[in-house]
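For the record, the sequence lines run as chains A and B.
All letters in the first sequence, in the order written, are residues 137 to 539 by our numbering.
All letters in the second sequence, in the order written, are residues 4 to 444 by our numbering.
Since the hints were made in silico from the structure, they are not lab data.
Model, not experiment: these values are computed from the prediction.
Glycine residues also receive a C-beta, built at the ideal position from the N, C-alpha and C atoms.
Derived, one-sided and incomplete: chain A residues facing chain B with beta-carbon distance under 8 angstroms:
1) G327
2) A376
3) S441
4) R455
5) V510
What follows is a set of in silico ranges between Cβ atoms, one per label pair, in the way DEER data are often shown:
6) A:K331 <-> B:E285: 41 to 51 angstroms
7) B:Q303 <-> A:T403: 18 to 28 angstroms
8) A:G521 <-> B:P304: 17 to 27 angstroms
9) B:C408 <-> A:E267: 28 to 38 angstroms
10) B:V187 <-> A:P291: 46 to 56 angstroms
11) A:D244 <-> B:V432: 35 to 45 angstroms
12) A:L284 <-> B:P75: 39 to 49 angstroms
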Amino acid sequence: MSLWELKLVGKLSVFQFGDEIMKRVSFISMVLITCCGLFFVAGCQEQAKMPDTSQGKLTETPVLTNSDNAQNSAKPAKTTNSSSQTINSKLASAKKGPRITFKNEVHDFGELKPITKNKCEFTFTNTGDAELKIKNVRSTCGCTVAQLSKKNYAPGESGTIKVVYTSTARAASINKVIYVTSNDKTRPRVGLTLKGKTVLPVRHTPTSMKLLLNEKNAKCPNITLTCVDNQPFAIKSFTATAGCMSAVFDPNVKQTKFVIEPKVDLTKLERALSGNITIGLTHPKCRSVSIHYSVMPRFNLNPSSLLVQNVEPGQTTNRIVWVVNNYKEDFEIESLTSKAGYIKVLSKEKLGTRYKLELQITPPAPEPNEKLRVFKDSLVIKIKGGKELTVYCRGFYSTKPKT
Amino acid sequence: MRLFSCVCILTVAGSCISGMSSNSGSKPDTTAEVATLFLTGNELGMLKPCGCSGGQLGGLDRRPAILNAVQPSKRLVLDTGSFVEDDSEQSRIKLQIILEAFDHLKYDVVNLTDRDVEMVRDIGLQESGQMSFKLISTRRTRDVNVPAVFSKELGLKAAKITVNIAAFDPNVTPFNQIPGLFAVRREMKTVNALILNHYDGAVIEAISQIPVVDLVVCPDDSDIPRVISKPKKHPLVISVGKYGKYVGRLRIKAAKGRDKLEFAYDSVPMEETLPQETTLVELYKVYQDFVKEAGLLEKQPRYPLSNGLKYTGSKSCSICHGYEYEKWSTKGHAHAYKTLVDNGSQYDPECIRCHVVGFNYESGFVSEKETGHLKNVGCENCHGPGSKHISSLGAEPTTEPVLNCADCHTPEHSGGFLDHEKEYLRKIVHWREQKDAGNVK
Numbered sequence: 137m138s139l140w141e142l143k144l145v146g147k148l149s150v151f152q153f154g155d156e157i158m159k160r161v162s163f164i165s166m167v168l169i170t171c172c173g174l175f176f177v178a179g180c181q182e183q184a185k186m187p188d189t190s191q192g193k194l195t196e197t198p199v200l201t202n203s204d205n206a207q208n209s210a211k212p213a214k215t216t217n218s219s220s221q222t223i224n225s226k227l228a229s230a231k232k233g234p235r236i237t238f239k240n241e242v243h244d245f246g247e248l249k250p251i252t253k254n255k256c257e258f259t260f261t262n263t264g265d266a267e268l269k270i271k272n273v274r275s276t277c278g279c280t281v282a283q284l285s286k287k288n289y290a291p292g293e294s295g296t297i298k299v300v301y302t303s304t305a306r307a308a309s310i311n312k313v314i315y316v317t318s319n320d321k322t323r324p325r326v327g328l329t330l331k332g333k334t335v336l337p338v339r340h341t342p343t344s345m346k347l348l349l350n351e352k353n354a355k356c357p358n359i360t361l362t363c364v365d366n367q368p369f370a371i372k373s374f375t376a377t378a379g380c381m382s383a384v385f386d387p388n389v390k391q392t393k394f395v396i397e398p399k400v401d402l403t404k405l406e407r408a409l410s411g412n413i414t415i416g417l418t419h420p421k422c423r424s425v426s427i428h429y430s431v432m433p434r435f436n437l438n439p440s441s442l443l444v445q446n447v448e449p450g451q452t453t454n455r456i457v458w459v460v461n462n463y464k465e466d467f468e469i470e471s472l473t474s475k476a477g478y479i480k481v482l483s484k485e486k487l488g489t490r491y492k493l494e495l496q497i498t499p500p501a502p503e504p505n506e507k508l509r510v511f512k513d514s515l516v517i518k519i520k521g522g523k524e525l526t527v528y529c530r531g532f533y534s535t536k537p538k539t
Numbered sequence: 004m005r006l007f008s009c010v011c012i013l014t015v016a017g018s019c020i021s022g023m024s025s026n027s028g029s030k031p032d033t034t035a036e037v038a039t040l041f042l043t044g045n046e047l048g049m050l051k052p053c054g055c056s057g058g059q060l061g062g063l064d065r066r067p068a069i070l071n072a073v074q075p076s077k078r079l080v081l082d083t084g085s086f087v088e089d090d091s092e093q094s095r096i097k098l099q100i101i102l103e104a105f106d107h108l109k110y111d112v113v114n115l116t117d118r119d120v121e122m123v124r125d126i127g128l129q130e131s132g133q134m135s136f137k138l139i140s141t142r143r144t145r146d147v148n149v150p151a152v153f154s155k156e157l158g159l160k161a162a163k164i165t166v167n168i169a170a171f172d173p174n175v176t177p178f179n180q181i182p183g184l185f186a187v188r189r190e191m192k193t194v195n196a197l198i199l200n201h202y203d204g205a206v207i208e209a210i211s212q213i214p215v216v217d218l219v220v221c222p223d224d225s226d227i228p229r230v231i232s233k234p235k236k237h238p239l240v241i242s243v244g245k246y247g248k249y250v251g252r253l254r255i256k257a258a259k260g261r262d263k264l265e266f267a268y269d270s271v272p273m274e275e276t277l278p279q280e281t282t283l284v285e286l287y288k289v290y291q292d293f294v295k296e297a298g299l300l301e302k303q304p305r306y307p308l309s310n311g312l313k314y315t316g317s318k319s320c321s322i323c324h325g326y327e328y329e330k331w332s333t334k335g336h337a338h339a340y341k342t343l344v345d346n347g348s349q350y351d352p353e354c355i356r357c358h359v360v361g362f363n364y365e366s367g368f369v370s371e372k373e374t375g376h377l378k379n380v381g382c383e384n385c386h387g388p389g390s391k392h393i394s395s396l397g398a399e400p401t402t403e404p405v406l407n408c409a410d411c412h413t414p415e416h417s418g419g420f421l422d423h424e425k426e427y428l429r430k431i432v433h434w435r436e437q438k439d440a441g442n443v444k
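The following block holds chain A by itself, in its conformation from the complex:
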């Protein structure tokens, strides 16, 4: 073989050798590129699923709201749904998304006149970088009407919720909430609060009464009516629950202030221990005022009812009940009767103006076909003089399997 032929063979060999090398390098490169691509894809999936704990021990996720769950599915919320909510919120926060930001979230009307329509506005802005969609604006009471002109807001765009609140006829504090639901995942539901107080043009003192059966006239205070808008008025009527009170007044007299002296019928009052006084007026903006009263009852039971739980049939439970005269008057218990027969009085001890009763409760065998095993009884305590008191006893049987 000549030198040229040798060189040619050598070059060919080099070419052949180089070709082989190139093929191997290409092959290896393809493998590496493929591996890198698969690792990259796997890594992205992994990152999307793990919650971000880089900031410390705690993470919070937005609270699932009724509307969010309605979006996810109609099925009961499961752990997987909540996990996917975590994923979505993470991705959403990375992109920011729509954000609803209110100028203020509380409006205080201050003092309001009764039965008037009162307006206010809540202004918000979409401070996010995606379209804000208002799904719902809903109040929690028919007295509050909230309106919004449109539902979609571009980033940077502002909107106004117009609210009309109708005040009550009676004096009352206002605490109403309007819920705004949107696609802002960090605040899917925002509560806007209305505060204030309905104030009647005719004020009354006292605002409520606590009466006593053993005091003269039940220790009922005088009622003062004062008009704050200087509009003279007359008293049309004075009524109380069960007719337990009356008052003298001249319906022809008009002035801006009255002092009424109620007269109490103690017998009727003892039959209506809780009730109301209603005073009718001729004031054009205040037709009546109501004053609640309550009376300390003559007797008190402590406790007033008995609950026994996890009992077995025939297994006795002992309880103490005190019968107390609130006015420290001497009294006698005439009789003690268990209506169903499950309560036995073990002892009855008189201590001054109260009695200590030791009771034994014996649950009966439950009805065989009852789904939920419950028993009840009541102990009727008859006081000499006619008054009757009742202690209700309610018991639930144990549902634990017997060993």
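Use these hints to put chain B onto chain A, whose structure you have.
Chain B in isolation, oriented as in the chain A frame:
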């Protein structure tokens, strides 16, 4: 051949990589690695929604569907208290039912607020010996003497966790004693939670200076549970909502190879689609039976009507207003009482007031036996008591008290009414238009 070899190698390499990424956690094993703290509270007497309209949330009978999704060894179920709104006889009955429901639901711990302590004492319930759950409270009385702290161990694959729950009142316990409330186990991770009975920003700010506290639970105006603390701020401050409409859920994750626990809080709405648990459905019927036995309708305090005014019943209006009475008789209002009878709520004052005439007033509805003529939503609900109008042969108009539609059709009880008032009004039309012949005016 070479090409074929390349394809095979690449396929095998790809499969290996995908398999590794699957095993590393594309579907986390939540049941093994996650412990759950379920939080409820502020029931405020709501045993279940009234059912008067659809779309209502709540109900003790639907809680098992959520709570029982996690086995007891990996969950802690807590109620923060405020069971009822007042100390009335009806509230006492509700309290008895709620406590029995908690026992059946296998609650671990229940916090008592000051009012709860009084109410629990008033039903003669001693310490929690009779119930399966433990009671905690910041308040102690002679009759109700329960501790302020509760602890439970939850076993996860990666770690054992002790959850400490402490009722806290800054008027009772100084802030510097908070760390001493929590049990410390060196071999265990701990989650320390404080229950507050009131929301106070200054108190929460003071608590945030105490690193050992992980979670603060306090009441809030909203009936929806929410995260009150700012994002990524320690500790996590949350509310549990109101009326049992939602169950709060704090999931605690112990990740392998990680020293710290991870928390995620969300809430599950008690929707109508959740199944009802039979025993608790029966328990509500027991409640209705107790309410009937207590005779609450007769005991209702009443407003007096002025100047001898009385309710007379819709039938008495038919003498002069025959057309209107006949038309009304065909509408839903004329059958409102039956809807209560059908579900056993006709003895419940909270339900009856919107299904009869004049319940809050003297001479108004008392019972079907005594005042059967005042059943259903009748003429006098909207037009006022009729006695003077009848006795004057129509010369005197009817007067207050009158109800507005929204007094009964509240968002809670009539969810579809708001924004659809005109449609609702069309359903009850029983009058002739003013220009029509025969119009009474």
